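S.K.: Given next are the chains, with one letter for each unit.
Number of protein chains: 2
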Amino acid sequence: MTFQQISKDPKSAARAGIISTSHGEIHTPIFMPVGTAGSVKAVHQRELENDIQAEIILGNTYHLYLRPGVELLAKAGGLHKFNGWARPILTDSGGYQVYSLGANRKITEESVLFKSHIDGSKHTFSPEAVMDIQRTIGADIIMAFDECTPFPCEYQYAKDSMGLTHRWLKRCIERINSTVPLYGYEQSLFPIVQGSTYKDLREQSAEFIAAQNQPGNAIGGLSVGEPHEDMYAMTSLVCSILPADKPRYLMGVGTPENILECIALGIDMFDCVMPTRNARNGMLFTTEGIINIRNEKWKDDLSPIDASLGGYVSTFHSKAYLRHLIINKEILGAQIASIHNLTFYLWLVKEARKRIIEGTFVLWKESIVKKISQRL
Amino acid sequence: MTFQQISKDPKSAARAGIISTSHGEIHTPIFMPVGTAGSVKAVHQRELENDIQAEIILGNTYHLYLRPGVELLAKAGGLHKFNGWARPILTDSGGYQVYSLGANRKITEESVLFKSHIDGSKHTFSPEAVMDIQRTIGADIIMAFDECTPFPCEYQYAKDSMGLTHRWLKRCIERINSTVPLYGYEQSLFPIVQGSTYKDLREQSAEFIAAQNQPGNAIGGLSVGEPHEDMYAMTSLVCSILPADKPRYLMGVGTPENILECIALGIDMFDCVMPTRNARNGMLFTTEGIINIRNEKWKDDLSPIDASLGGYVSTFHSKAYLRHLIINKEILGAQIASIHNLTFYLWLVKEARKRIIEGTFVLWKESIVKKISQRL
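Chains as they are written, first to last, in the numbering used here: chain A, 1 to 376; chain B, 1 to 376.
In case anyone wonders, no lab produced these hints; they're calculated from the structure.
Note that the coordinates shown come from a computational prediction; the quantities given were computed from them, not determined experimentally.
Heads up, a few of these hints could be off.
It does not matter which identical chain is meant; a pair holds if it fits inside one copy or across any two.
[Said to hold, decoys possible] In silico PhoX-like links for lysine-lysine, alpha-carbon gap of 20 Å or less: (1) Lys41 <-> Lys329; (2) Lys371 <-> Lys350; (3) Lys122 <-> Lys106.
Please model the complete structure; the sequences and the hints are all you need to start from.
M.R.: In structure tokens form, the structure reads like this:
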């Protein structure tokens, strides 16, 4: 995997780049649709490719490990073959899901023991196991196994947890270095910076992570309920430490506004369930602002979902038709809304990239953030 | 609307034809996917057109009347404009849905008073109102308002009901003849033969319906729980009476076997929710037989859903992947299974048509029915 920075915004830390993987190029800044269990919910792979023009999708190790399971994924020759997505895939490490299990998991130095949310069966994730699982899934980008701290988080807990995440990282790197890809293409490890909302911890963690000299780096433990100012402050701090010649991935972020602000801080990669989850509930992100399509005001609005956005479903279908589908719980409503929202997210990062290259990013960001954040 | 019979099977009553409408040609025998409330469930219009190659879809007057309602459909310029389906649409008359409401409807000579299944609000469907509603929906083919009798049905009830359906038909014809299409294209009325499973009533009804000389004719009140032998006997009898120069539509039928048997009896058009409803439950119709994809036996079967069928989703995705999606309630599972099953149904009638034209229909039917009806 290589990362080439092709342009740097003069007025912010934003940059445009290209990540090259065995499954193709990724033009950064990029948003990665979340394909939890091998499917971006309600969206077909063909639509991801042609309509949304996604360049990389995310898979969840926790979910894929439980179902369909590594045995079947190995037999299929990896997730790309299993789900028919030929472009790059990044898998998270399961750290976030395990953290979300709360009482149903026990963290020790060695590993995490957890109960499946599906059937209560017991499983163990160690750094080594999680590397092996991601090898078997066949991810192009493998995330280190970390502990994601909640917000708020006591200083001492955050510090101890960061230490654990760092020790686990060493074990992840050792495991990756002592094993080979299963399907003949390169798999790259991204370590994860932790440290909650504490500047000194974030600084320490970023320095530790930077020193590992892996192909890319990630920031975890944000977008877990902290104020946006904290998220931006931590992101800015960490970006100033992480090497500029490696891609930076901010995990689980966020709203369109969050994404543009964090691009300005030097982030290259994003993922979030928001565009698809909100779509299923009828909340649409458009170039004019945010729409709750369930509202009565859209009932007989026969104008396109988003005429300026372009893209088949957004220009072809009316707000009134989409509202009708969502209100009546027609599956097609979830399909159209999900395609639309993801098309918007990919449009947003592509547009940001264009402005960075043009050198007009900051001005553009200020004006577009106001427009797209307003509720219509 | 015109119907041209282009070929007649020498060994059965099967025929191949072309129905020409203002929204394009329909090659018969044809299967019409059911788009209840303006959407064929879990299938996008683009997939209907390109993957499934549907030539006409069905809409339900009862559902469309309640939601989105005739006011919005009129404002949109009809259902074609509202849902973006540019090919022909047939709407049922609401007779079947009203019959399904049981205690929540009251039938009089004048009309049917019923309560909405959504909010309990009271509504009236008269033959005149139902013609007006279908005019407003903008259907290419409008179904007469009838009473659909249940099975079993007392002789006297069936006889009286048939009389009512005939009197309502007269009112439907009068209404259609005294009104004009709203959107500048032709709308054609199909009367419906009733008479339950009584030969003399079916004979009387078919003669009455044939005498109305409408552009096409339909058979209702079958596939409501009666033995298949009764369905075939009634269909055969009615087809022998209905004019050969008009298309014949058997409402609500059925399994692949039912469809092939009724094509042999002279039926040209079919509709049924089975391919889409069963798809959502994981039951697949394939060229090799019927598959319950939820069964353990498909768990690691990485072969295509249906290699012989052709079509993108059926050859691109494996049984194991589709099983994984369906088991995990991923919406994409419903999408892929629905596209697959409808592709199969459209393949089936297209194949039947080809064999009719070749003169090999009956022999082909005997062999294919065994194959596609077996459970794998």
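S.K.: Hint by hint, say whether it matches the structure.
M.R.: Hints and how they fare:
For a Cα distance limit of 20 Å, the shortest separation of Lys41 from Lys329 qualifies both inside one copy, at 15 Å, and across copies, at 10 Å. Taking the closest pair of Cα atoms, Lys371 and Lys350 come within 20 Å of each other only inside a single copy of the chain (17 Å); across copies the shortest separation is 51 Å, beyond that limit. In this assembly of identical chains, the alpha carbons of Lys122 and Lys106 lie at most 20 Å apart only when taken from the same copy (11 Å versus 57 Å across copies).
Violated hints for the displayed structure: none, as all numbered hints are satisfied.
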